[in-house]
Each structure stands twice: as C-alpha cells, then as structure tokens.
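**Q** The chain contents come next:
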Amino acid sequence: AQSVAQPEDQVNVAEGNPLTVKCTYSVSGNPYLFWYVQYPNRGLQFLLKYITGDNLVKGSYGFEAEFNKSQTSFHLKKPSALVSDSALYFCAVRDHGSSNTGKLIFGQGTTLQVKP
Amino acid sequence: KAGVTQTPRYLIKTRGQQVTLSCSPISGHRSVSWYQQTPGQGLQFLFEYFSETQRNKGNFPGRFSGRQFSNSRSEMNVSTLELGDSALYLCASSPNRATNEKLFFGSGTQLSVL
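First to last, the sequence lines map onto chains A and B. By this note's numbering, the letter at position 100 of the first sequence is numbered 100, and the numbering carries on one by one without gaps. By this note's numbering, the letter at position 3 of the second sequence is numbered 3, and the numbering carries on one by one without gaps.
Looking at chain B on its own, in the form it has when it is part of the complex (with noise of 0.2 Å):
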C-alpha cells in the first residue's frame, strides 16, 4: 500500500505570492491533518478534514485555508506569503477519528519564502 504522498516536494516563493500543497492520504484513509514544522515554533496544528468537511482549525490566520475533495485527497493554501511562512508542511492520514488511532505522515513540502 502506498504512504501519504504529498507534492510538491519543494517549493521556493517570494513574499506577497500564493502556494498550493498537495496530499493524497493512504488508500482508504478519510481524515487528513495538517502540520506546520518550524525550528522555532516545532509542529504545530494546523487543520483536520475528514468526510470533505473541516473538523479542527489550529491557530493559524485566515491566510492559511485547506480543501479535501471526495476521494479524500487534500490540499492547503497559503495566500499572500511571508517569510515566516517557510516551513516544513507535512500532511497526515488516518482510517477515521477515532482518538487511539496513530497518523501516518508524508514526507513533507518544504516551502522556502524569499
């Protein structure tokens, strides 16, 4: 069985400019979160869908929005970028909900903003 795939696996933007990342879960994994890796910061939340439907939202401003589609693919979208947007964004799946489940992680967008 494939693992969390996520694309692009670099991404290099220059301040004001918006991205697109890409995830597509594990086949038959239906919730996909989303996390923030910084030095500074570490991982931190930034959403969870499951079922097309946004169930959690980290606090994150309103720059940072996501989407998951009917086959439970995800992406998110970072608009008008800052430099302190640069960041590993890892994406992660898992069967349902269910609080005792592990997340399987994808290797991650590197997204640089200069």
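Chain A with its partners taken away, still in its complex shape (with noise of 0.2 Å):
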C-alpha cells in the first residue's frame, strides 16, 4: 500500500537559519511527489513537485526539495527561514500510472515554527 511519512510533528528553528522537514514514501512503481504548505485557516497552497529528472526540485518561496530513491526521501529544504514560513507541511504522494489519478495520498503534516 502506497504511503507517506513525515516523522516530526514538528520543526522549530531560528529566522534565519536553514530548515529541513523530512518526508519519507512507499509507493510501487515510479512516485509522483508533492509538497503543500497550509497557513491557519486556509486551504493548502502548491509549493513544489517531483516528476522526473534533476532530483533537486526548486519551488515556490525559496523551498526546495531533494528526491533520493534510495532512501525513499523527499525531504523540503530552505537555505535561511522567515517568520512568515511558520504553517503546516505536507508531503503527498501519487503513484505514476495509478489509475488513481485524482487521489493524493498525504503525510500527517509537520508544523514549522520559524522564531525571530
């Protein structure tokens, strides 16, 4: 069965400094790997994805996330946070050539807090 884990509830780190929230998947066949992010209150918002090719995927507001097959990881990264970074991150997974197409499985979310 096709899953994904994120193995911290949450992150805390100091403005300024680089963040990482890790993800980790099982899928069969090829993944297809998504990041969203949540701020209080509203829906998820896009930040970056995984189809093929440079395992190093840049993204919306400086995020970046690296795909490691070996390691089934797709951990987010950002070189120096912000305040305004502070929310709640998901991982998501979609097994390519699943008919499942509409179907996104996510992670249980890690909250990100960014202190000044």
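Think of the hints as simulated: they come from the structure by calculation, not from any bench. One should not assume that every hint holds.
[Stated by the list, open to error] Derived BS3-like pairs: lysine-lysine, alpha-carbon spacing no greater than 25 Å straight-line:
1. B:K1 / A:K49
2. B:K102 / A:K22
3. B:K102 / A:K58
4. B:K57 / B:K102
5. A:K77 / A:K22
6. A:K77 / A:K58
7. A:K49 / A:K22
8. A:K58 / A:K115
9. A:K49 / B:K102
10. B:K57 / A:K49
11. A:K58 / A:K69
12. A:K69 / B:K57
[Stated by the list, open to error] Looking from chain B toward chain A, a few residues come up when the C-beta cut is under 10 Å (computed):
13. V19
14. G42
15. F60
16. F69
17. K102
[Said to hold, decoys possible] So the derived list for chain A, only partly shown, Cβ under 7 Å to chain B, looks like this:
18. Y32
19. R42
20. G43
21. L44
22. F46
23. K49
24. I51
25. K103
26. F106
27. Q108
Virtual Cβ for every residue (Gly too), placed ideally from N, Cα, C.
Given two chains presented individually in distinct reference frames, assemble the corresponding complex, making use of the accompanying hints.
**A** Spelled out as structure tokens, the structure:
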C-alpha cells in the first residue's frame, strides 16, 4: 500500500537558519511527489513537485526539495528561514501510472515554527 | 483568475441532520476532488469527479456522496451526520486528470457536528 511518513510533528528553527522538513514514502512504481503548505484557516497551497529529472527541485517562496530514490525520501529545505514560513507542511504522493489520478496520499503534516 | 471557491465557510449541524457543501473549481478545470481534514486522521481522500462522473472513491461510508455538474461545479453531501464527521472539508481542482498535475485547493468548509 502506498504511504507517506513525516516523522516530525514539529520542527523549530531560528529565523535566518536553514530548515529541513522530512518526508519518506512507500509506493509501487515511480512516485510523483508533492509538497503543500497550509496557513491557519486556509486551504493547501502548492510548493513544489518531483515528477522526473533532476533530484533537486526548486519551488515557491525559496523552498526546494531533494528526491532520494535509494532512501525513498523527499525532504523539504530552505537555506534561510523566515518567520512568515511558520505553517503546516504536508508531503504527498501520487503513484505514477495509477488510475487514481485525483487521489493524493498525504503525510500527517509537520508544523514548522520559525522564531525571530 | 478566481481560485477554488467553497461555500459555506462554516457550518454547524446536529447529529442526524444532513449537509451539502459546494465547490466551484477554477475556470477551465474539469477535475474536482474532495478531502476531509481532521486533527486525528489528517487529510483523507473522499472522492474525485471528472466530466460529471465519479472516478475514484476513498474509504468512507455511503453517507458521504457527491456529484459534479456540467459546469464542473461539485457538491458533496453527508447524510445522518455523526459527531466524528466534524472536520474541515477541502475541495481541490485541476485541469485534467494527469498524474503530474498539481491540485489547487479551496479554503475549505469547516463543519461542526453537535
């Protein structure tokens, strides 16, 4: 069965420091991986995706993610955190070639807290 | 271009009642999917509609249903509400059903069942 794991419920980082939000996945076949962010009382906003190609994917708001097939990971990173990055982050996967094209499987979410 | 619009924003119902939530996708988007978000279960897939047909369904009881109209707008219905149905219900749209497409989410409908 397909699954996504975000091992940390919360990540705390000081403003200006680099941040990493971890994600590992388990799928059959090639994964299509996504990161979304959710601000309070809002829906999810797309940050970036990995479909194929370069393992380092760049996305919105200065975020990037590194796809590692051998470790089945897709960690979200940012070189310098901002207080405004504080939010709930979700990793998601959609199985390439699956008929479930509208279905995303989400991790449990990681709350990122950036302190001034 | 307007984003995904969900109405109402908040709903308060009592056990046993039924509720209908509405979703208007981004203009030109033909695929609409629904997700339930709760603190305990996280984000769970409810169903997906494309061209007025349900294409996929998540693991939810038959009390949860939906439909899509010819203009791609979608509604979901929950009958015989239970306390556990309290959640944020999110609608998402995409142009087609390509697996590499990102989803555009609405702000959700917060349903409270008393």
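**Q** Now, for every hint given, state plainly whether the structure supports it.
**A** Against the structure, the hints come out as follows:
For the hint linking K1 (chain B) to K49 (chain A), the alpha-carbon distance of about 22 Å falls within 25 Å, and the restraint holds. A distance of roughly 20 Å separates the Cα atoms of K102 (chain B) and K22 (chain A); the hinted pair therefore holds under the 25 Å criterion. Restraint check for K102 (chain B) and K58 (chain A): satisfied, since their Cα atoms lie roughly 15 Å apart, inside the 25 Å limit. Proximity of K57 (chain B) to K102 (chain B) is assessed by CA-CA distance (about 19 Å); at most 25 Å being required, the pair is judged to hold.
For the given pair, K77 (chain A) sits about 9 Å from K22 (chain A) by alpha-carbon distance, which is consistent with the 25 Å threshold. Note on K77 (chain A) and K58 (chain A): the hinted pairing holds, with a Cα-Cα distance of about 10 Å set against a maximum of 25 Å. As the CA atoms of K49 (chain A) and K22 (chain A) are separated by approximately 15 Å, the hinted pair is consistent with the 25 Å bound. The hinted pair formed by K58 (chain A) and K115 (chain A) meets the criterion: a straight-line CA distance of about 24 Å does not exceed 25 Å.
The straight-line distance between the Cα atoms of K49 (chain A) and K102 (chain B) is roughly 8 Å, inside the 25 Å bound, and the hint therefore holds. Between K57 (chain B) and K49 (chain A) the alpha-carbon distance is near 24 Å, which keeps this suggested pair within the 25 Å criterion. Taking the CA atoms of K58 (chain A) and K69 (chain A), the gap is near 17 Å; set against the 25 Å cutoff, the hint holds. Restraint check for K69 (chain A) and K57 (chain B): not satisfied, since their Cα atoms lie roughly 29 Å apart, outside the 25 Å limit.
For V19 (chain B), the suggested interface contact is broken, since its CB lies about 19 Å from the closest CB of chain A, more than 10 Å. Given hint, G42 (chain B) at the interface with chain A, holds; its Cβ is 5 Å from that chain's nearest Cβ, closer than 10 Å. The criterion of a C-beta within 10 Å of any C-beta in chain A is not met by F60 (chain B), whose closest approach is roughly 13 Å, and the hint is violated. Restraint check, F69 (chain B) versus chain A: the minimum CB separation of about 17 Å is more than 10 Å; hint violated.
With a least beta-carbon distance of about 4 Å to chain A, the hint placing K102 (chain B) at the interface is held under the 10 Å criterion. Annotation: interface hint on Y32 (chain A) holds; nearest CB of chain B at approximately 6 Å, less than 7 Å. At its closest, the beta carbon of R42 (chain A) sits 5 Å from a beta carbon of chain B; the interface hint therefore holds under the 7 Å criterion. Hint on G43 (chain A) holds. Least Cβ distance to chain B is approximately 4 Å, under the 7 Å limit.
Because the smallest distance between the Cβ of L44 (chain A) and any Cβ of chain B comes to about 4 Å, under 7 Å, the interface hint for this residue holds. Restraint check, F46 (chain A) versus chain B: the minimum CB separation of about 4 Å is within 7 Å; hint holds. Taking 7 Å as the C-beta cut-off, the interface hint given for K49 (chain A) holds, the closest approach to chain B being about 6 Å. For I51 (chain A), the shortest C-beta to C-beta distance to chain B is roughly 5 Å, which falls under 7 Å, so the interface hint holds.
The restraint placing K103 (chain A) at the interface with chain B holds, with a minimum CB-CB distance near 5 Å, inside the 7 Å limit. Hint status for F106 (chain A): holds, given a least beta-carbon distance of 4 Å to chain B, under 7 Å. Hint status for Q108 (chain A): holds, given a least beta-carbon distance of 5 Å to chain B, under 7 Å.
Checked against the numbered hints above, the structure violates hints 12, 13, 15, 16; every other hint is satisfied.
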